[in-house]
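Here is how the chains run, residue by residue.
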Amino acid sequence: MAEQRIPFATHAETTVLGADEIVLNMGPQHPSTHGVLRVKLRLDGEKVIGSECVIGYLHRGVEKIAEHRTYTQFAPYVDRMDYVAAVSNGLGYCEAVEKLLGAEAPLRARVIRTILTELQRIASHLFWLGTHALDIGALTPLFYCLREREEILKIFEKYCGARLTTHAFRIGGLQYEAYDEFEKDVERFCKPFDTRVNEYESLLTSNRIWVGRTKGIGILTAKEAIDYAASGPVIRASGVKWDIRKAMPYAAYDLYKFEIPTGKNGDTYDRYIVRMEEMRQSRLICLQAIENIPTGPIMGKVGKVLKPPPGEVYHAIEAPKGELGYYIVSDGTTQPYRVRIRPPSLINLEAFDKMIRGHLVADVVAIIGTLDIVLGEVDR
Amino acid sequence: MMIPTSHYLFLSLGLFTIGVIGVVTRRNVIIILMSIELMLNAVNINLVAFSRLVGSAEGHVFAIFVITDAAAEAAVGLGIIIAFFRNRETLLGDEMDLLKW
Amino acid sequence: MQTLINFVISIWVQLVCALVIVAVLPLVAGYIVLMERKVMADMQARLGPMRVGPHGLLQPIADAVKLLLKEDIIPDEADKGIFWIAPLISVTAGMLAMSALAIGPWFQIADLNVGLLFVVGIGALGIFGIVLGGWSSNSHYSLLGALRSAAQLVSYETAAGLAIVGALLLAGTLSTREIIETQEDYGVWFVFAAPVGFFIYVVASIAETNRAPFDLPEAESELVAGYMTEYSGFRWALYFLAEYTNMVVVASIATTLFLGGWLRPFAGTTAFNFLDGFPSLLMLVVAGYCFYRAPKQPVKIQKMFLVVVAGLFILVAAIFAAPLMAPAGSLVASAKPGLHGAFWFLLKVGLYLYLFMWLRFTFPRYRFDQLMRLGWQFLIPLSIVNVMGIGLALVLHRQLGWSHWTAFPLTTILTLVVAGMLASAGAKKDKEHAVVGEEA
Amino acid sequence: MLDQIVFYFFATLAVISAVLVVTRRNVVQSAIFLITALLATAGIFLQLHAEFLFIVQVILYAGGIMVLFVFVIMLINMDVSLHQVQFNRQWWLGLLLALVLGAQLTVAIAVGRSGLPLGEPAPATALEPSTQLVGRVLFSEYMLPFEIASILLLVAMIGAVVMAKKKV
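Residue numbers (my numbering), protein chains in the order written: chain A, 1489 to 1868; chain B, 89 to 189; chain C, 702 to 1141; chain D, 6 to 173.
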């Protein structure tokens, strides 16, 4: 047999396949790569000894598009990055541009933004939980999770007319006033939600199979997590208490009390526990916020044509998946000179190869799931 | 109308001979192992046919022993083949010319 | 010619049974799929198939037609002959295994004196279909699925076999018919005499049929569809047919060995004779539900269809009731064991399958090494202990004259103690593995 | 009548598949035909009223040993062997052996006709070696060989594990 050479960027030292090594190509069409991620795995039997992620199948050049749109026109595009958490994307962009303009949204707008973003965090985590459990083989939680997520999407729909790519916020505040039943709807969702989370946990948390499949899988120590610049639940599960909502408060987070859940071992199980706890905390934030939504205007003074002064700004928010940063350079015209987006999924995905080495094929899907990537965001 | 015992013997002979030819002429060790299984099988037919002829269960008992032996042989043989293939990347019997490597 | 006719006449019952199995089993498998989808929908707070026929009742037929009409794609690099024949091997093995099962005292193709071993052994041949199909597809996913499948089946076959041995010790025979008759004589199903054995068999049989949480060979999220990744259309359907046939086979084995086969609950106790009315009653309840739902169907033809279904159920109820009403000794009355036996057998098989589905929709999937560890380090030792325990109980009962009520509970408790020890040892080992994993 | 049909059917099947085992180039196909041959032999056992042996043959040979074979064949990369010469030049030796064996059997039957009634039909129900009888003989008279066989299996198992391990 001719020696088969497979280029491996991450594993250059041994490129010749031995007698019992095979290369398995997972994706881009694969049920559990969450979109169009392609993973090339080098296997010894079922053990992974090397991997390479091939990304870019969903690249749409979002950053380049920004250079040919005005600041306002570009706002809906960011919804299409992390399409399961569109509200968070919008929040990050709007706040970044506001920072560039030197303006600030009124308090009422910020509180409503906070509520919607936290609901979006719950929705995103629910979607993650369902698909992650499905990857590991538990079919049923997905449908329960989607049931709850549906409630949140209904609130979004009532608020701004869209369910998925909401474009809920405007630069400088909000376009829409909260509808009449808004507080009631949020409360109706949040009040029983913790029993729902408990319900999911009763299906999974102490299940022997679930624990066996997630404990000790894909370990990322605190130091490694920092070295890889991981963020969000991934770094928190490794024991690093890093949450931009606390570290650099934005929107109205400084008004509310909430905890930052952290894990100890940095394995898949800890990331699961952290996300479950985050859902509970988000629920608490929502409940605190709807108690007292301040009255007042919802739109700040930003003018009709946005023309920020020349300069640059970096603004990061804590999106459901981690630190979502916008770096915007303005040359004083109506269009941004450059927009660079720091997507949490992409940065977290870089730890994938580290996490997967030495585990089995079955763990690959568990680790892809636990990183909670959305390919729209990875590829942009 | 019954079948004479000699017919079983000829069948057994046929299978045994084919097995022998396989062992002698093939180069692939897996097929050689399979040919040996064929020969053991031929023996079993004999044992059972004779057991029937003389009316005792001993033939069956021996056939069971033969099958046990075949299982042991297959396990060890295939173990050797895997170890061999891992080291030499070939399955040809005539290239198995070292006792230790 | 005359001999041939005589031969056919002498085996006409078996021929009819065989025809029924070959002709009806695909349909039954289709309806098991429908039942599974409905059970899944129920557990997942949704409705499941509702479009084809009232409540999706005709869905299996629509699916079958669709699969038959689909293009039969054979991959270019596949080993065509083997690719072609592999699903057939699986199906044939499954159906052949059905032939020695006694579904009710009347319905049995062959009462072999090695009956149960025949079912187990022939059923195990289906693995060749899976392995060869996976190999011939020439795809890494298929190959991995096939390898997993082979390793899994061989491992769990051992545990299942030893669990069966435990029950066989109680029965003292391999003939399926006699096993059930022994349980009738004992007056107790073997599940109560050997509960641990039943547990082992349940777990092992799920693993053998590649069902969740042991569905690694076709784990959707990992291997796409495992050994059937490259299959499509009718051949794919054949694999599914084989899988569901195998489910029916293992459920039938469990029913025969542990759940009293065709016996009614409390078969020997005349005080419970009112249970004979249960089959008719159940059918009437189903018919009543159909009548209740019929007016709510949106389309007229669906209403009529449901009424027809209800009518059929009433007819079946009448058939079950007839032997009870008829005067004793008449021909109709003598049909009771056959009819009711089949009912109870199928009911138990259905409940067993329901258990399968329940587990499938509740548990996550095992990983391959965990699966192997569970099989080799827990189930197989436990099943050996179980065999010894049952042997001990039989010695105590038969040689030393202990009563059933002390001997069997005692050995069961002993076995359970061993099971606990095994489980705790396994947990300790798991921890060590985890520690090693952290270091590495 | 039926007996004969069954016997000759299975005998033909066994011989044809045995020939194919030896002549096929592809190892997987050989393995499949070996399975067929083994199942045909099982059928002959059934025709001989050796039901227990029939099922042992199916479970152990076809279901166990052959799964092992197929498993190993799949583990080992097949592309290598397809392009090599599969036969060596010893066919004359094989033919010679076949002739010798055939002659031996013919002589044995011709001479032994007086000793053992080999040409006679096998008795139908002189003895039905059922499962129970086999078990009784196996566990009483042949207890020692049985135990030795179990030790043999144990040794084989350990040997196979040791050999297939990566680092000895």
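Take these hints with a grain of salt, some might be off.
[Stated by the list, open to error] To be clear about the criterion: a stretch of chain A counts as covered by chain C if any three or more of its residues have a C-beta under 8 Å from a C-beta of chain C, and this derived list gives those stretches: (1) 1692–1705; (2) 1766–1772; (3) 1787–1796; (4) 1843–1855.
[Stated by the list, open to error] Here are some chain C residues pointing at chain D (derived, C-beta under 10 Å): (5) Gln809; (6) Phe819; (7) Gly862; (8) Val866; (9) Leu870.
Read the hints as simulated data drawn from the structure, not as lab findings. Beta carbons: idealized from backbone N, C-alpha and C, even for Gly.
Structure-based check of all given hints:
1. Only when three residues or more bring their CB closer than 8 Å to a CB of chain C does the claim for the stretch 1692–1705 of chain A stand; here the count is 8, and the claim holds.
2. Under a criterion of three residues with beta carbons nearer than 8 Å to beta carbons of chain C, the stated coverage of the stretch 1766–1772 of chain A fails, only 0 such residues being counted.
3. Residues of the stretch 1787–1796 of chain A lying with their CB closer than 8 Å to a CB of chain C number 0, which falls below the three-residue condition for coverage.
4. Using a Cβ-Cβ cut-off of 8 Å, 7 residues of the stretch 1843–1855 of chain A lie near chain C, which meets the minimum of three, so the contact claim holds.
5. Interface restraint check for Gln809/C: the shortest CB-CB distance to chain D comes to about 16 Å, outside 10 Å, so the restraint is violated.
6. The interface hint given for Phe819/C is met, as the beta carbon of that residue sits about 6 Å from the closest beta carbon of chain D, less than 10 Å.
7. Checking Gly862/C against chain D by beta carbon gives a least distance of about 9 Å; that is within 10 Å, so the hint holds.
8. At about 13 Å, the closest approach between the beta carbon of Val866/C and any beta carbon in chain D exceeds 10 Å, and the interface hint on this residue is violated.
9. Taking 10 Å as the C-beta contact cut-off toward chain D, the hint placing Leu870/C at the interface is violated, the least distance being around 12 Å.
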